[in-house]
Structures are given as C-alpha cells and as structure tokens.
Amino acid sequence: GAVVSQHPSRVICKSGTSVKIECRSLDFQATTMFWYRQFPKQSLMLMATSNEGSKATYEQGVEKDKFLINHASLTLSTLTVTSAHPEDSSFYICSAITGGRGYTFGSGTRLTVV
Amino acid sequence: QQQVKQSPQSLIVQKGGISIINCAYENTAFDYFPWYQQFPGKGPALLIAIRPDVSEKKEGRFTISFNKSAKQFSLHIMDSQPGDSATYFCAVSTGNQFYFGTGTSLTVIP
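Those protein sequence lines, which keep their order, are chains A and B.
One point on numbering: in the working numbering, the residue at position 34 of the first sequence is 34, and numbering is uninterrupted.
One point on numbering: in the working numbering, the residue at position 14 of the second sequence is 14, and numbering is uninterrupted.
Since the hints were derived computationally from the structure, they do not count as laboratory data.
None of these values were measured; they are calculated from a predicted model.
There could be a bad hint or two in this list.
Chain B is nowhere near these chain A residues, computed Cβ spacing over 10 Å in every case [said to hold, decoys possible]:
#	residue
1	Val-4
2	Pro-8
3	Ser-15
4	Glu-22
5	Arg-37
6	Leu-44
7	Asn-70
8	Thr-78
9	Glu-87
10	Ser-89
11	Ile-93
12	Ser-95
13	Tyr-103
With a straight-line cut-off of 25 Å between C-alpha atoms, the simulated PhoX-like cross-links for lysine-lysine are [what the hints assert, rightly or not]:
#	chain 1	residue 1	chain 2	residue 2
14	A	Lys-41	B	Lys-5
15	B	Lys-71	B	Lys-57
16	A	Lys-41	B	Lys-42
Glycine included, each C-beta is placed from N, C-alpha and C at the ideal position.
Let the hints inform the model, and build the full structure from the sequences given.
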C-alpha cells in the first residue's frame, strides 16, 4: 500500500532556532500533501495544503512566515518551523492523497522546543 | 464550520464489550466515509471505510454502519480488547477533499 514517510520522528531544538520536517511519498507521486498539528488528546488541526511546484495554501490563523512549506518535487514536502518557541512544541503530521480515494498519514514528528 | 460531528469525545469500555462511535454530516455530496485509528505518538492509520451504496461493512471485529437518510455513520468494535485503546477519527470525503471528526479516545479496560 501507499506509504508516507515522515522524518524525524522526534526532534528537540532550542528556542529561536529553526527545524525542518520532511514528508516523503515512497511509492507514489503526491501532487498534494497536507500538514497537521495535533495537541495532546486533541483533534487534527489542518495547518496547510502543500501543492507541488506552487505556494502552499495556509489555513486561517496559521502564520505563513513561521511555518514554511516547500513542495519541490512530487515525492517530498517539507515543513520548516522558523524561530521556534516553546509554544510551537506539538505533534506534526503530514498526509497525502493516494490513488483510489486513499488518504495516508505519515508517522508524525514530536517537536519539543526548549 | 465542522463538516462532520463525532461523538463521544471519550469512551471507556470493558474488555469484551462493544465500542460504538458515531459521526454525523450534512453535505450529501460526501461519498466516502473512512475511519482512522491513531495510537499515541503515531500518525492515524486507515482502519475501515465505506461508500454510501452499502449500509454496512464488516472487517473482522470492526463494522461500519451507514444510514444515508439520517446522514450518520458509526463504527462498532465488537469484543473490544485493550489493544484497541486508541483515538479514532471518522472522516467524510468528496473528490480530494477530506474532513475529519474531532476524535474519540477509546480506553478498553481489562
């Protein structure tokens, strides 16, 4: 089946630094990928839709300059959290639409900003 | 606006019991209704899905019941096991649009 690989699974960074999260479609091409944020015991919050070769579409309230999304190829989308602060600590999950109405999630990245 | 409403928010079931999670929607254009299971620290994974041309789909201990006229669908977990303890999300979809419920935290106690 379709696999979405997300890396790293865990990252700890210092406040003020930037961190990049990668999301790869391993066995299919993903023209569209999605980035979610999830707080403990809470629902999935869609942050942005990443489109290959074009600018990402951000949901209302999501800071575009803080959460930089790049979808440079049909198999890779990246989320960069810039100038991270402790309040950015969260679980970030990417996903992609596969063929046949499939919707596959990555394994998630636990970001801790200290 | 929430496209799909999910309940309950949390559920505690005894081992061997039946877990039932419900979802309701309004837009009749939705034509695909998946359920996802998420364990702590992991991304959600597709559990089972149904299309509106059938009223029920069963895969092992997991069953989706679909009521098209009421615009409701539910996940039933028969003979619930502690290993089923997870968060469950329903979703509704049309085309490439997917909308997720707010999740149900299921705890199965031994």
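Evaluated hints:
The Cβ of Val-4/A does not lie farther than 10 Å from every Cβ of chain B; its closest approach is about 8 Å, which violates its non-interface assignment. At the 10 Å boundary, the C-beta of Pro-8/A stays outside the reach of chain B, the nearest C-beta of that chain being 13 Å off. Listed as outside the interface, Ser-15/A is consistent with that label: its C-beta sits roughly 23 Å from the nearest C-beta of chain B, beyond the 10 Å cut-off. Chain B leaves Glu-22/A outside its interface by the beta-carbon criterion, the shortest separation being 14 Å against a cut-off of 10 Å.
Non-interface status of Arg-37/A relative to chain B is upheld: no Cβ of that chain comes within 10 Å, the nearest being about 12 Å off. Interface exclusion of Leu-44/A from chain B breaks down, the closest Cβ pair being 5 Å apart, not more than 10 Å. With 10 Å as the threshold on Cβ separation, the claim that Asn-70/A sits away from chain B holds: the shortest Cβ distance comes to roughly 20 Å. Every CB of chain B is more than 10 Å from the CB of Thr-78/A (nearest about 17 Å), matching its label as outside the interface.
With a least beta-carbon separation of about 20 Å from chain B, Glu-87/A lies farther than 10 Å from that chain, consistent with its non-interface assignment. Even its closest Cβ contact with chain B, about 14 Å, leaves Ser-89/A beyond 10 Å, as expected for a residue assigned away from the interface. Non-interface call for Ile-93/A relative to chain B: violated, since the shortest CB-CB distance, roughly 5 Å, does not exceed 10 Å. At roughly 8 Å, the least C-beta separation between Ser-95/A and chain B is not larger than 10 Å, which violates its mark as non-interface.
The beta carbon of Tyr-103/A sits about 5 Å from the closest Cβ of chain B, which is not more than 10 Å, so the claim that it is off the interface is violated. Taking the CA atoms of Lys-41/A and Lys-5/B, the gap is near 17 Å; set against the 25 Å cutoff, the hint holds. At most 25 Å may separate the alpha-carbon atoms for a hinted pair to count; Lys-71/B and Lys-57/B meet this at roughly 16 Å. Of the supplied pair hints, the one linking Lys-41/A and Lys-42/B holds, its CA atoms being roughly 13 Å apart against a limit of 25 Å.
In summary, the structure is inconsistent with hints 1, 6, 11, 12, 13 from the numbered list given earlier, while agreeing with the others.
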